[in-house]
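Chain order of the listed sequences is A and B. Under our numbering, the first residue of the first sequence is numbered 1, with each subsequent residue one higher. Under our numbering, the first residue of the second sequence is numbered 1, with each subsequent residue one higher.
There could be a bad hint or two in this list.
It does not matter which identical chain is used: a pair holds within one copy or between any two.
Below, in silico cross-link-like pairs of lysine to aspartate or glutamate (EDC-like), each with a Cα-Cα straight-line distance of 16 Å or less [stated by the list, open to error]: (1) LYS245 <-> GLU335; (2) LYS196 <-> GLU336; (3) LYS260 <-> ASP213; (4) LYS196 <-> GLU157; (5) LYS196 <-> ASP78; (6) LYS269 <-> GLU157; (7) LYS260 <-> ASP59; (8) LYS283 <-> GLU79; (9) LYS132 <-> GLU256.
It should be emphasised that the hints constitute simulated quantities derived from the structure, not laboratory data.
Number of protein chains: 2
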Amino acid sequence: MTAYKSETNARTVIALDAMGGDYAPDEVVLGAAAVASASLNITLTGSPDEIERCLAGADPESRQYLKIAAASEVIGFDEDPVKSVRSKADSSLVVACREVAEGRADGVVSAGNTGAILTAALLNLKRIKGLKRPGLCAVLPTPGKPTLFIDVGANAEVRPVHLLEFANMASIFAQDVLEIPDPSVGLVSIGEESVKGDELVLEAHRLMAESPDLNFYGNVEGRDIVRQVVDVVVTDGFTGNVCLKLMESTSSLIVEEVKKAASRSLMAKIGGLLLKKEIVAFKKSIDTEEYGGAYLLGVRGLAVVCHGNSSRKAIASALKYAARASEQRLINKLEERIATLVQT
Amino acid sequence: MTAYKSETNARTVIALDAMGGDYAPDEVVLGAAAVASASLNITLTGSPDEIERCLAGADPESRQYLKIAAASEVIGFDEDPVKSVRSKADSSLVVACREVAEGRADGVVSAGNTGAILTAALLNLKRIKGLKRPGLCAVLPTPGKPTLFIDVGANAEVRPVHLLEFANMASIFAQDVLEIPDPSVGLVSIGEESVKGDELVLEAHRLMAESPDLNFYGNVEGRDIVRQVVDVVVTDGFTGNVCLKLMESTSSLIVEEVKKAASRSLMAKIGGLLLKKEIVAFKKSIDTEEYGGAYLLGVRGLAVVCHGNSSRKAIASALKYAARASEQRLINKLEERIATLVQT
Chain A
1 MTAYKSETNA
11 RTVIALDAMG
21 GDYAPDEVVL
31 GAAAVASASL
41 NITLTGSPDE
51 IERCLAGADP
61 ESRQYLKIAA
71 ASEVIGFDED
81 PVKSVRSKAD
91 SSLVVACREV
101 AEGRADGVVS
111 AGNTGAILTA
121 ALLNLKRIKG
131 LKRPGLCAVL
141 PTPGKPTLFI
151 DVGANAEVRP
161 VHLLEFANMA
171 SIFAQDVLEI
181 PDPSVGLVSI
191 GEESVKGDEL
201 VLEAHRLMAE
211 SPDLNFYGNV
221 EGRDIVRQVV
231 DVVVTDGFTG
241 NVCLKLMEST
251 SSLIVEEVKK
261 AASRSLMAKI
271 GGLLLKKEIV
281 AFKKSIDTEE
291 YGGAYLLGVR
301 GLAVVCHGNS
311 SRKAIASALK
321 YAARASEQRL
331 INKLEERIAT
341 LVQT
Chain B
1 MTAYKSETNA
11 RTVIALDAMG
21 GDYAPDEVVL
31 GAAAVASASL
41 NITLTGSPDE
51 IERCLAGADP
61 ESRQYLKIAA
71 ASEVIGFDED
81 PVKSVRSKAD
91 SSLVVACREV
101 AEGRADGVVS
111 AGNTGAILTA
121 ALLNLKRIKG
131 LKRPGLCAVL
141 PTPGKPTLFI
151 DVGANAEVRP
161 VHLLEFANMA
171 SIFAQDVLEI
181 PDPSVGLVSI
191 GEESVKGDEL
201 VLEAHRLMAE
211 SPDLNFYGNV
221 EGRDIVRQVV
231 DVVVTDGFTG
241 NVCLKLMEST
251 SSLIVEEVKK
261 AASRSLMAKI
271 GGLLLKKEIV
281 AFKKSIDTEE
291 YGGAYLLGVR
301 GLAVVCHGNS
311 SRKAIASALK
321 YAARASEQRL
331 INKLEERIAT
341 LVQT
């Protein structure tokens with residue numbers, strides 16, 4: 001088994017797909033330059049010329065903590081995930097995953113094609129021993145404190161034991177990386193009572209209630225996901241993916257409509273201007289960039305899937321959380337928990 | 001087969017559970033009084049004394065179009081749906097359903113316990129011939145024009161053919177009751193391409209694409225549900241129920257947070273006041289009470305499930321749409337479509 005960089009060295013190294021994202025490579029490279037340090041080294045993968053051009057605009061001090069790993073290809077947003085990952089072995093994404101797979105980095109971050117990131121991570125990084133299914137965990141910027149939401153799309157079809165694995169992995173991530181003490185876990189269903197839901201949910205409920213290391217709350221409903229009823233919300237990748245996209249769309253729709261309302265009359269325009277500072281503060285509090293992206297839990301090396309439209313801030317956040325996961329020896333803790341689950 | 005009231009008489013009769021809802025009987029009865037007319041008669045079920053007391057506050061002119069059917073029991077929000085419907089045969093809800101079942105009314109409206117309404121309607125009203133599963137169709141108040149969303153909770157587990165039935169029934173409802181010409185239909189999945197989704201979605205996609213009377217758009221994602229990409233959004237009752245509650249919760253959370261922002265400083269308060277008129281207009285445009293409630297499609301006689309917190313306005317809307325459905329001979333049209341589906 002390949003040793004992680006973090007096990008052999010106090011310095012953390014994260015591989016970053018410099019060419020993935022709507023604003024790549026510029027915003028991606030500048031995000032890396034903003035957080036690179038003696039304790040957090042970053043390996044940028046992509047075209048060395050392009051990356052060097054972007055770095056000309058960054059703090060020269062950061063340069064010593066950044067490394068470039070050349071990659072001649074890029075996977076586009078419209079490409080088929082499986083085909084592109086298989087055919088483009090020298091793409092910035094696949095090269096970044098290989099940095100982790102071959103032990104030169106602890107985690108990988110990309111704002112490229114989501115399906116391709118999942119495929120590349122699942123194909124290149126080993127699965128944690130005994131684990132059946134890795135899960136993709138989003139961090140929702142709910143007011144006050146974040147809510148973890150797993151699985152948001154790694155698995156369209158799951159069995160009850162997969163939901164149990166998701167619950168355990170996201171709890172550890174919540175506690176060790178996001179510093180939420182003794183995180184409570186809810187299972188999405190169509191009623192609060194333990195008898196509500198389809199067969200998948202009924203059996204998963206039973207498994208989670210019996211899982212010794214989980215702080216299991218019970219079922220939660222759709223309305224509870226954004227209401228901080230629990231710290232970790234668990235569901236299958238189909239429901240989770242639909243819900244995540246719906247949530248983002250609904251909140252941006254409402255904000256757009258409020259903005260439109262604030263431009264409909266002179267009085268409303270003045271009102272909007274007077275309110276602007278507070279609205280900006282509110283929008284900041286529910287900023288999805290705060291937590292970088294979604295975290296693929298269950299492979300040996302954390303993979304972070306950032307939004308395609310990530311700014312340097314989102315990239316910087318993702319790198320920081322990936323580094324914190326490595327410092328907290330997240331993968332080892334996930335391995336220990338999964339080993340316990342397998343025994344019971 | 002029992003003839004509908006509307007087939008034998010131009011006058012429409014809707015049965016209304018006068019005792020169901022957070023603000024029952026007062027708001028429920030006043031909602032009925034507001035829309036009762038020579039062409040829309042309403043049968044109020046519940047305690048005659050209570051109903052008469054509420055009617056004292058209504059326009060006396062309406063009284064001639066209202067009838068009372070006595071019911072001595074009420075099903076509470078916390079009661080088990082199946083048990084309560086079976087044990088309380090003289091509840092206002094069950095009595096209202098019986099009005100339809102026995103041919104004295106064309107549809108039933110209730111703002112009571114949702115599970116109990118579905119149970120009572122499914123047990124008491126005959127299913128449309130050849131139909132496998134009735135579906136619960138919500139009408140989302142998306143800006144501009146409404147979006148129909150089916151199934152929002154009648155069926156936790158479904159097969160592909162059930163989704164095909166939902167699509168066909170909701171299309172007819174959209175066209176004939178909500179007057180949306182040639183409504184487009186989308187199937188919820190985790191990607192737009194026809195190869196995306198679980199087995200249920202893949203097979204349902206194939207069936208819907210081949211269904212001759214459907215204006216099938218293809219797959220839609222979570223973000224599209226509120227974006228008017230299609231007129232009718234089809235999904236299983238688990239996903240639909242979770243999404244509906246999530247949508248309501250997310251939009252009310254954002255509106256609450258904007259309100260809070262508008263009270264944080266003197267300037268923000270003044271801004272909020274100047275904006276108030278436009279915000280009220282916007283809130284009205286996305287008012288869930290506009291469309292009354294969710295419509296159970298597939299039983300002989302329309303059943304309308306209103307929100308527990310329905311005001312007289314929501315009750316009045318539900319009664320008007322139930323009456324329009326009856327005038328449009330919705331049930332006959334659904335029967336014809338289902339007969340065609342069964343043949344092919």
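Structure-inconsistent hints, enumerated in ascending order: 1, 2, 3, 6, 7, 8, 9
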